[in-house]
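K.L.:
Keeping their order, the protein sequence lines are chains A and B. When we follow the numbering used here, the leftmost residue of the first sequence carries the number 1, and every step to the right adds one. When we follow the numbering used here, the leftmost residue of the second sequence carries the number 1, and every step to the right adds one.
Note that these hints are calculated values from the structure, not bench results. If you're wondering where the values come from, they're calculated on a predicted model, not measured in any experiment. C-beta: ideal position from N, C-alpha, C; glycine also. Errors might be hidden in some of the hints.
[Unchecked claim] Stretch by stretch, here's where chain A covers chain B in the computed footprint (C-beta under 8 angstroms, at least three residues):
(1) 6-14
(2) 54-61
(3) 73-84
[Stated by the list, open to error] If the Cβ cut is set under 8 angstroms, some of the chain B residues that face chain A in the computed set are:
(4) GLN20
(5) ALA24
(6) GLN64
(7) GLY68
(8) LEU70
(9) SER205
(10) PRO209
Below are the chains, spelled out letter by letter.
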Amino acid sequence: MNLPDLTSLQQGDPSAWDAAFHWLWPTVFAVAQLKLQSYFPSEIEDIAIEALEELVEKVRAVKSADELKPLAASIAHHRAVSLLRERFAKKRGEGKTDSLDAATDEGQTKHEPLSEDSPLADLDQKELAQRLGKSISELKPPLGEILSDFFLRGLRYEEIARNRGVAIGSVGVYLKRGLEAMRRIWGEREEK
Amino acid sequence: MNSMNDERFFDLAMKVTAQQASDAERAELDALLRSQPQLKVELERFQADVQMAKNALPLVEATQATAGKLPSYVRGRLQTKVRQTLGGPAAKKETDRSLIWGWRWALGLATAVAVVFLVAVPMMRTPTGLLIQVAVLDTTGGTRGTVTNDTAVLQGMWRGSPVQTFSSIIELEAWEKNLATDVRQPIARIIYDPAAGEVRVSGQSKGKPFQENFPLEKDLITTLQRVKAFVLERGF
Numbered sequence: 001m002n003l004p005d006l007t008s009l010q011q012g013d014p015s016a017w018d019a020a021f022h023w024l025w026p027t028v029f030a031v032a033q034l035k036l037q038s039y040f041p042s043e044i045e046d047i048a049i050e051a052l053e054e055l056v057e058k059v060r061a062v063k064s065a066d067e068l069k070p071l072a073a074s075i076a077h078h079r080a081v082s083l084l085r086e087r088f089a090k091k092r093g094e095g096k097t098d099s100l101d102a103a104t105d106e107g108q109t110k111h112e113p114l115s116e117d118s119p120l121a122d123l124d125q126k127e128l129a130q131r132l133g134k135s136i137s138e139l140k141p142p143l144g145e146i147l148s149d150f151f152l153r154g155l156r157y158e159e160i161a162r163n164r165g166v167a168i169g170s171v172g173v174y175l176k177r178g179l180e181a182m183r184r185i186w187g188e189r190e191e192k
Numbered sequence: 001m002n003s004m005n006d007e008r009f010f011d012l013a014m015k016v017t018a019q020q021a022s023d024a025e026r027a028e029l030d031a032l033l034r035s036q037p038q039l040k041v042e043l044e045r046f047q048a049d050v051q052m053a054k055n056a057l058p059l060v061e062a063t064q065a066t067a068g069k070l071p072s073y074v075r076g077r078l079q080t081k082v083r084q085t086l087g088g089p090a091a092k093k094e095t096d097r098s099l100i101w102g103w104r105w106a107l108g109l110a111t112a113v114a115v116v117f118l119v120a121v122p123m124m125r126t127p128t129g130l131l132i133q134v135a136v137l138d139t140t141g142g143t144r145g146t147v148t149n150d151t152a153v154l155q156g157m158w159r160g161s162p163v164q165t166f167s168s169i170i171e172l173e174a175w176e177k178n179l180a181t182d183v184r185q186p187i188a189r190i191i192y193d194p195a196a197g198e199v200r201v202s203g204q205s206k207g208k209p210f211q212e213n214f215p216l217e218k219d220l221i222t223t224l225q226r227v228k229a230f231v232l233e234r235g236f
């Protein structure tokens with residue numbers, strides 16, 4: 001779908017919102033799922049809905065339709081992180097520290113999901129949205145996909161070259177360029 | 001370090017960090033670090049960048065997700081939020097009222113004509129092969145009297161079409177699935193959802209599907225008149 005018409009959204013046009021909700025749903029759901037799948041999968045849909053509701057509240061402050069997806073993702077991320085913090089704090093308060101392992105799949109032990117991504121969790125909603133927006137605009141295909149193939153899916157250079165239709169010699173170049181972009185976007189904390 | 005060495009160092013660091021390096025590549029990196037100790041700082045920086053990328057990439061990827069469909073029951077709740085927060089067409093109408101003050105008489109006349117049209121036209125039509133199905137989704141359960149009144153209003157608007165009442169989305173969806181699917185038959189499904197504050201219309205006419213949602217504005221009767229006009233425009 002094309003980008004939604006921001007003016008119509010800000011005026012509360014129901015059909016514009018209908019289209020926008022369909023467009024944004026995969027984003028908020030995927031972000032909520034990313035954070036909650038292992039521990040509270042039943043909360044994913046609720047967090048996704050609440051994120052869209054919060055987006056409605058904030059839409060008048062949005063300046064460009066490009067900002068909608070990153071903002072929705074940022075809201076969903078913060079809501080999911082808040083839920084995790086709240087639930088884990090409650091469990092710790094009740095002395096139920098070992099119940100988290102019981103929620104894992106395939107018998108593997110997982111750590112609390114907040115510890116490893118705390119740098120992201122500490123970014124405020126606006127800053128996170130800005131960084132996500134920049135990442136999407138800078139990591140154009142196949143750059144973003146190659147980074148994910150290598151760092152998230154553990155594919156080898158040969159597999160990436162074959163899957164993405166690029167020369168094997170250029171995989172390293174893409175990775176270097178992508179990592180530099182990620183450093184520019186995510187590496188430094190902005191002064192407030 | 002020249003650019004060739006720089007690229008080689010980067011490749012080796014990448015493979016070693018990702019545990020994809022061969023023994024020979026690992027040894028090559030060790031040798032490079034021994035001969036150029038300043039590269040240790042570079043390697044540490046590189047490893048920090050990789051960790052940061054591993055943290056951020058899943059979120060970037062999720063932000064760009066396109067798979068997954070908005071559940072139908074969520075729509076109403078979200079549209080209610082839009083109406084409550086942004087006002088929507090009804091609030092805009094209120095704001096614009098002063099601008100059209102001088103045209104009240106014309107609007108009044110137009111409304112009268114519209115009412116005549118809405119009442120008279122269906123009476124003159126011969127319903128050949130058309131099918132109108134009407135349902136109410138009453139998920140609240142506690143407003144039975146109100147729903148009964150609303151059902152009577154719906155019944156009055158579409159005489160001859162029994163009004164079904166459902167207390168859950170699942171029942172409603174099952175009803176929708178069981179509806180006639182003969183593409184040649186014009187069909188209109190009218191679902192009143194009081195919790196979402198809207199009337200949803202969908203169906204097909206002349207082989208083309210249609211769908212529209214009507215938020216409750218002034219009252220149910222006024223909204224249903226708009227729904228009826230919409231259905232008539234589709235050729236019913």
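K.L.:
For each hint, tell me whether it holds in the structure or not.
P.N.:
Checked hints:
Given as covered by chain A, the region 6-14 of chain B passes the check, having 4 residues with a CB less than 8 angstroms from a CB of that chain where 3 are the minimum. Here's how the region 54-61 of chain B fares: 8 of its residues keep a CB closer than 8 angstroms to some CB of chain A, so the rule of at least three is met and the hint holds. Here's how the region 73-84 of chain B fares: 8 of its residues keep a CB closer than 8 angstroms to some CB of chain A, so the rule of at least three is met and the hint holds. Checking B:GLN20 against chain A by beta carbon gives a least distance of about 6 angstroms; that is within 8 angstroms, so the hint holds.
The interface hint given for B:ALA24 is broken, as the beta carbon of that residue sits about 15 angstroms from the closest beta carbon of chain A, more than 8 angstroms. Hint status for B:GLN64 relative to chain A: holds, with the closest Cβ pair at about 6 angstroms, below 8 angstroms. The criterion of a C-beta within 8 angstroms of any C-beta in chain A is met by B:GLY68, whose closest approach is roughly 4 angstroms, and the hint holds. Interface restraint check for B:LEU70: the shortest CB-CB distance to chain A comes to about 4 angstroms, inside 8 angstroms, so the restraint holds.
The closest approach between the C-beta of B:SER205 and any C-beta of chain A is roughly 19 angstroms, which is over the 8 angstroms cut-off, so the hint fails. For B:PRO209, the shortest C-beta to C-beta distance to chain A is roughly 15 angstroms, which exceeds 8 angstroms, and the interface hint is violated.
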